[in-house]
Amino acid sequence: MSRILRLEFPTEIGRFIWQQGTLWAPSYYVGTAGNVSADVIKRYILECQRI
Numbered sequence: 001m002s003r004i005l006r007l008e009f010p011t012e013i014g015r016f017i018w019q020q021g022t023l024w025a026p027s028y029y030v031g032t033a034g035n036v037s038a039d040v041i042k043r044y045i046l047e048c049q050r051i
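Quick note on numbering: this note's numbering labels position 17 of the sequence shown as 17, and the sequence is numbered without any gaps.
Hints may contain errors.
What the hints assert, rightly or not - Computed Cβ-Cβ distance ranges for the label pairs, DEER-style: (1) Leu-7 x Asn-35: 29 to 35 Å; (2) Leu-5 x Ile-41: 17 to 23 Å; (3) Arg-50 x Thr-22: 24 to 30 Å; (4) Tyr-28 x Glu-8: 25 to 31 Å; (5) Ser-2 x Glu-47: 24 to 30 Å; (6) Leu-46 x Pro-26: 20 to 26 Å; (7) Tyr-29 x Leu-7: 40 to 46 Å.
Derived by calculation from the structure, the hints in this document are not laboratory data.
Since we're looking at a predicted model, the values are computed, not measured.
Even for Gly, the Cβ is constructed at its ideal location relative to N, Cα and C.
Please put together the full structure from these sequences, using the hints given.
Listed below in structure tokens is the structure:
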């Protein structure tokens, strides 16, 4: 998404680019998984890494 925005709006986006040349700040996501065991979550993560 960042690449598309930079190509489409280079002048407007330029002033928002971080010093490292990135548009987004490094971050992470935290959320809930509901009534699912830790084993199910671990398996899901492992499967996603294969893609």
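Report the numbers of all earlier hints that the structure fails to satisfy, in ascending order.
1, 2 and 7
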